[in-house]
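Chemist: What follows is each chain in one-letter form.
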Amino acid sequence: MKRKVFIRYSSQKAEEPILASVIKESGLLVNILYANITGKGGEILISFDASEAEMDRILTLFREKGVEVWETERTIELDRELCFDCGACISVCPTKALRLNQDFSLELNEEKCICCEVCVSMCPVRALRISSKL
Amino acid sequence: MTEVKKTIEYINERIRSGDAVVVTAEEMVQIVKEKGSVKAAREVDVVTTGTFGAMCSSGAFLNFGHSDPPIKFGGGEIYLNDVPAYAGLAAVDTYIGATSMSVSRGMEYGGGHVIEDLVRGREVVLRGRGYSTDCYPRKEIETVITIEDLNQAILCSPRNAYQRYRAAANSRDETIYTYMGMLLPNFGNVTFSGAGVLSPLTKDPTYETIGIGTRIFLGGGKGYIFWEGTQHDPKRGLGTIAVVGDLKQMKPRYLRGCTIHRYGTSLYVGLGVPIPILNERIAQSAGLDETQIKTEVLDYGVPRRDRPVLREVSYAELRSGEIELAGKSVPVSPLGSFKLAREIALTLKEWIERGEFLLSQPLQRLPSDSVCRPMKQAEVTPLVRDVMTKEVITGRADYPIAEAAKILREKNIDHLPIVDEKGKLIGIVTSWDIATSIGTKKNRLSEVMTTRVITAHEDEPVDFVARTLEKHKISGVPVVNSGMEVKGILTSEDISRLLGRRKK
Numbered sequence: 001m002k003r004k005v006f007i008r009y010s011s012q013k014a015e016e017p018i019l020a021s022v023i024k025e026s027g028l029l030v031n032i033l034y035a036n037i038t039g040k041g042g043e044i045l046i047s048f049d050a051s052e053a054e055m056d057r058i059l060t061l062f063r064e065k066g067v068e069v070w071e072t073e074r075t076i077e078l079d080r081e082l083c084f085d086c087g088a089c090i091s092v093c094p095t096k097a098l099r100l101n102q103d104f105s106l107e108l109n110e111e112k113c114i115c116c117e118v119c120v121s122m123c124p125v126r127a128l129r130i131s132s133k134l
Numbered sequence: 001m002t003e004v005k006k007t008i009e010y011i012n013e014r015i016r017s018g019d020a021v022v023v024t025a026e027e028m029v030q031i032v033k034e035k036g037s038v039k040a041a042r043e044v045d046v047v048t049t050g051t052f053g054a055m056c057s058s059g060a061f062l063n064f065g066h067s068d069p070p071i072k073f074g075g076g077e078i079y080l081n082d083v084p085a086y087a088g089l090a091a092v093d094t095y096i097g098a099t100s101m102s103v104s105r106g107m108e109y110g111g112g113h114v115i116e117d118l119v120r121g122r123e124v125v126l127r128g129r130g131y132s133t134d135c136y137p138r139k140e141i142e143t144v145i146t147i148e149d150l151n152q153a154i155l156c157s158p159r160n161a162y163q164r165y166r167a168a169a170n171s172r173d174e175t176i177y178t179y180m181g182m183l184l185p186n187f188g189n190v191t192f193s194g195a196g197v198l199s200p201l202t203k204d205p206t207y208e209t210i211g212i213g214t215r216i217f218l219g220g221g222k223g224y225i226f227w228e229g230t231q232h233d234p235k236r237g238l239g240t241i242a243v244v245g246d247l248k249q250m251k252p253r254y255l256r257g258c259t260i261h262r263y264g265t266s267l268y269v270g271l272g273v274p275i276p277i278l279n280e281r282i283a284q285s286a287g288l289d290e291t292q293i294k295t296e297v298l299d300y301g302v303p304r305r306d307r308p309v310l311r312e313v314s315y316a317e318l319r320s321g322e323i324e325l326a327g328k329s330v331p332v333s334p335l336g337s338f339k340l341a342r343e344i345a346l347t348l349k350e351w352i353e354r355g356e357f358l359l360s361q362p363l364q365r366l367p368s369d370s371v372c373r374p375m376k377q378a379e380v381t382p383l384v385r386d387v388m389t390k391e392v393i394t395g396r397a398d399y400p401i402a403e404a405a406k407i408l409r410e411k412n413i414d415h416l417p418i419v420d421e422k423g424k425l426i427g428i429v430t431s432w433d434i435a436t437s438i439g440t441k442k443n444r445l446s447e448v449m450t451t452r453v454i455t456a457h458e459d460e461p462v463d464f465v466a467r468t469l470e471k472h473k474i475s476g477v478p479v480v481n482s483g484m485e486v487k488g489i490l491t492s493e494d495i496s497r498l499l500g501r502r503k504k
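Just so you know, the protein sequences line up as chains P and R, in that order.
With the first letter of the first sequence counted as 1, position 133 gets the number 133 in this note's numbering; the numbers rise by one all the way through.
With the first letter of the second sequence counted as 1, position 268 gets the number 268 in this note's numbering; the numbers rise by one all the way through.
Bound-form chain P, shown alone:
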């Protein structure tokens, strides 16, 4: 099954070959969907095929190396009924998929969204949700 994993690096960890080590240790075939790493840390979104058990092992490998990591699933949905257009979500979005338009309404650009799910917890009224369609 295709899985997606989001990894966040601190500045210390950005200098270590963490993804390479995990690939080597797990023999995983990884596709990098998005990456943004500087000396100050950064984030990578990868996808690969893995079973539930393999997934647990891979997440553990990453965690042991001291990075924040989580599996991301599905797509993000914006519930217009709940959203009151504060924009709290926009600064945590790594790909600028969320923005306030000219009249200060929130817009979600689904093409730019990589489903890292960070915005979901930032939303104060749970208007951003992980969609169940897979």
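To be clear, the hints were calculated from the coordinates, so they are not data collected in a lab.
Computed from a predicted structure; not experimentally measured.
All C-beta atoms, glycine included, are put in the ideal place defined by N, C-alpha and C.
No incorrect hints appear here.
For the chain R half of the interface with chain P, some residues (derived, Cβ under 10 Å), not all of them:
(1) 172
(2) 184
(3) 190
(4) 331
(5) 336
Derived BS3-like pairs: lysine-lysine, alpha-carbon spacing no greater than 27 Å straight-line:
(6) R/487 to P/65
(7) P/13 to R/487
(8) P/40 to R/328
(9) P/65 to R/442
(10) R/424 to P/40
(11) R/328 to P/96
(12) P/65 to R/473
(13) R/487 to R/411
(14) R/424 to P/65
(15) R/473 to P/13
(16) P/65 to R/441
(17) R/406 to R/487
(18) R/422 to P/40
(19) P/96 to R/339
(20) P/13 to R/422
(21) R/442 to P/24
(22) R/33 to R/294
(23) R/390 to R/422
(24) P/2 to P/24
(25) R/222 to R/251
(26) R/339 to P/112
(27) R/328 to P/13
(28) R/422 to P/65
(29) R/422 to R/487
(30) R/442 to P/13
(31) P/112 to R/328
(32) R/424 to P/13
(33) R/424 to R/471
(34) R/471 to P/40
(35) R/441 to P/24
(36) R/487 to P/40
(37) R/471 to P/13
(38) P/96 to R/294
(39) P/65 to R/471
Following the hints, complete the assembly by docking chain R onto the known chain P.
Modeler: Using the frame of chain P, we list chain R on its own:
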């Protein structure tokens, strides 16, 4: 002295006759720019403002009426949808505060959500306990109520509508979760609060027209300022107001319960204050644009009351969505809705234009010279350097495990920081690491040590390190300086000893 001199009665006459010129604070910016403040003061009667943001010091007084046989909640317990409400009033009065959290759902649902559900007309489960008296014999009750069933439902908040607020960023190497939202590591984002150009108190910063009895837009209904807000700090441009209004008239669009991730619950409140333009001085401040309204970006990575100022910033820069910070361009999030703030200012404008909302003469102005003081603490906040063990025994990565075991046993310690030849921290070995290495083929400390060491600094408060220990489920941290040299060690034992002292 001012050239223009109008009174609130004069403006109210113009509102009654339908002649009043009412504009929003956004529109006023342009008018003052084009015509100057004197002409603007002659032409404009009222400027409307608006804000829509999370205001934690919000809540509501509710009265349930008496049950039969009657029960006295006062001195007992009250829960609304499992959220604890205040039970220190008379028999069936309560106060439900926005940050009170559900005993069953935790941060997902709190007092703010209860208030929103009441305003939406939804059913709310009331559960309460009394201790039984001769006049109030009943001990327990569980029932379902809606806002219609309440005698009074009064939104009454001791602190709303901060004049402006500090923006937040995080210097730490980890994500932190604050009341300013999620702050990404290494200045990864900035969040800010306040409606800037539309912010009520910013538009009359000396409170010439705002005070006790000022009628306002509150939660979609009409409300009043009843006092200065708590922590009102006018000298630093951080004024606040205490507000009150009939919850039964309010609308769910302008009162929303919220969850700030890993922080707690709160209530988003929509609030707007009409500013009567009595003279050109008020016209001038009501016409301030966002480049003229400044705040500071603070480092929330420092868990102290006085957080370091990273830079000054204008609301115009914050509104642009990106600011320069620590040498890079950083994305910015508002936490309040500018769209709804604008909608509130426009609604208030319409109410006044239609003659449905008259201005009120404040009975007393808000203080403009008071200061907000910090808490008086009986003891000074202990810092790591005051509590840590300074004589640290360290080891080297090439030590045999048996030697480390001997050191730990002889010195009666559990943590051995590992340093390199220059004295820099490169790892840590605990008695647990050594215990679990028995029976394995590992020989050297380099094979068992943890290289991802959680550390503390000498000038951090001990309470902060206690939280770090708890968060990472560890029992001690080496204390290092900026060059990663080991200056001491702080263990949970040191902290317990300190707490023991505190309780005496």
